[in-house]
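*Asks:* Below are the chains, spelled out letter by letter.
2 protein chains.
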Amino acid sequence: MPRCDEKNGTCERTIYVKNPHLDSMKDDILYHFNLGTSSHDLPAMFEDVKFVCVGGSPRRMKSFTEYIAKDLGLADPNAEYPNLCEGTDRYAMFKVGPLLSVSHGMGIPSISIMLHELIKLLYHARCTDVTVVRIGTSGGIGLKPGTVVVTKQSVDAMFKPSFEQIILGKPVVRSTELDAKLAEDLLKCGDDLGQFETVIGNTMCTLDFYEGQARLDGAFCSYTEEDKQSYLAEAYAAGVRNIEMESSVFAAMCKLSNLRAAVVCVTLLDRQKGDQLTSSHDVLNDYQQRPQMLIRHYIKKKLNASKKS
Amino acid sequence: MPRCDEKNGTCERTIYVKNPHLDSMKDDILYHFNLGTSSHDLPAMFEDVKFVCVGGSPRRMKSFTEYIAKDLGLADPNAEYPNLCEGTDRYAMFKVGPLLSVSHGMGIPSISIMLHELIKLLYHARCTDVTVVRIGTSGGIGLKPGTVVVTKQSVDAMFKPSFEQIILGKPVVRSTELDAKLAEDLLKCGDDLGQFETVIGNTMCTLDFYEGQARLDGAFCSYTEEDKQSYLAEAYAAGVRNIEMESSVFAAMCKLSNLRAAVVCVTLLDRQKGDQLTSSHDVLNDYQQRPQMLIRHYIKKKLNASKKS
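Just so you know, the protein sequences line up as chains L and B, in that order.
Per the numbering used here, residue 1 is the first one in the first sequence, and the count goes up by one each step.
Per the numbering used here, residue 1 is the first one in the second sequence, and the count goes up by one each step.
What the hints contain is simulated information worked out from the structure, not anything from laboratory work.
Keep in mind that the hints are not guaranteed to be accurate.
Identical copies look the same in the list; a pair holds intra-copy or inter-copy alike.
To be verified - Computed list of lysine-lysine pairs in DSS-like fashion (alpha-carbon distance at most 30 Å, straight line):
| # | residue 1 | residue 2 |
| --- | --- | --- |
| 1 | K307 | K18 |
| 2 | K170 | K273 |
| 3 | K160 | K170 |
| 4 | K18 | K70 |
| 5 | K301 | K50 |
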């Protein structure tokens, strides 16, 4: 249920957990974060969170926090941002002002564990109006390397816009719909910046980086270059512009919990032209900054708008 | 093809890559390890590897390396073991003598990326007779917490002993058979030690930690305690003694590449009695040492046997 504030006429968008069992638990241990409702005062720590950025690598999520803090003047630019998940190396989490930055590892199962615990954390902390963005890297199809793709729909390896969750041994199909308005706003941020190309397109989410993405350079490969190219061409025809490994379950879980969500990934290479990442470290590093730049711009706009209102 | 040594009458078990494209590549970049055939002398670095231990957490794999080094007198006990994947935080890798210790993150996609690159690394380094063991944590069914389970068969959420790999959008079913002799040898090591219970049983491998394992404490739960208990009872009847998230693809990929493989996981709780990990940090830490102790004993026996022969 939305919490409504009669004074300023707004309704706050709340976060849903859909689990009747949670209310009867005395304590909730968020094991992979090394946080819990008894051991930590979650509202005091997190109630002001409005933006959550998630990405694969712990180091990247730390440097993103420092970048945002410095740039938006949210805190002392020389401050140290402690890892709030200290005591575990499953995930890393950093906070500065209304921004929470969390790593999720690689692949659907890894991000799904993190999201279960993140959604419960935001719920326990009584957060409202939270926007969650996955910022990551991907392989592109038919795009110049370095292009940033804002995901329209996350599709599976058969190009279907759904995610299959196995529950009690049986498949349950969930929608991978993302927030269309947020995607448009993010595309606009790319245009505002004008420093790199930003497009909206479908994102294919696979369970594997090599055979699952038709790469020819894994330990196993039973198909030809022609098979690969025709699969990628089919994907392109279905609107797919990039391939990564987390967006489908991310979209499905954010939708179920009423979180405004988007996926913004840079393409590190054009998969129609190759499989290996041969660009220099510096070039790849520059590409990886781009989704961060875009989100920084988005957060800046939102914070300025809320100051004015 | 096995390389045969006529002098001592042994045939060396070689590692297969099943990919005709690899031979035509000038260079092979193992991107997620930050290693490559042009940038590193892989045979010089890795040719003597005989045991590979893999586990989810980078810290645990580092401490395992130190533990083995100290205990087996393989190196200066005060030596520092550098992370061989320095420059990336996707995985961490440590080596001491014939042991390679590698982290794999959480879930099938994460371990699958690591294994593609590990198998290619062992192949490029011309390693032979390699034994790979996953040491990890799991939820038990009908076992006292702290019991170590050596996997007989890795089964999916429908209790089938197979792994479905999506290739070019189509499912390909692979066997998850593990090395039966190795499993027996490892069970024997548990008996030798006599410090904790060790059993052989089937291991269920799921794509999700919460709904996928019938937990009642995720952000979402659409089933009752009774549904959960009846699913776990079905699993138990199918021979399942523990549940984790990597064994199926691990077994399938090791089998395809001719690696002798085993899965050894400790159970952190009995899932029929609960879902949350409420044991103290010290108790959980003690449990997590057990697969390491077992493998240490196995490596010791093997190294002693090879010294004698």
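*Asks:* Against each hint, give a clear statement of whether it holds in the structure.
*Replies:* How the hints compare with the structure:
In the homo-oligomer, the alpha carbons of K307 and K18 never lie at most 30 Å apart, since the shortest distance is 33 Å inside one protomer and 59 Å across protomers. Taking the shortest alpha-carbon separations for K170 and K273, only the inter-copy value of 23 Å comes in at or below 30 Å, while the best intra-copy value is 39 Å. Taking the shortest alpha-carbon separations for K160 and K170, both the intra-copy value of 19 Å and the inter-copy value of 13 Å come in at or below 30 Å. Taking the shortest alpha-carbon separations for K18 and K70, neither the intra-copy value of 37 Å nor the inter-copy value of 49 Å comes in at or below 30 Å.
In the homo-oligomer, the alpha carbons of K301 and K50 lie at most 30 Å apart inside one protomer (13 Å), although the nearest pairing across protomers, at 56 Å, exceeds that limit.
The structure shown violates the earlier hints numbered 1 and 4.
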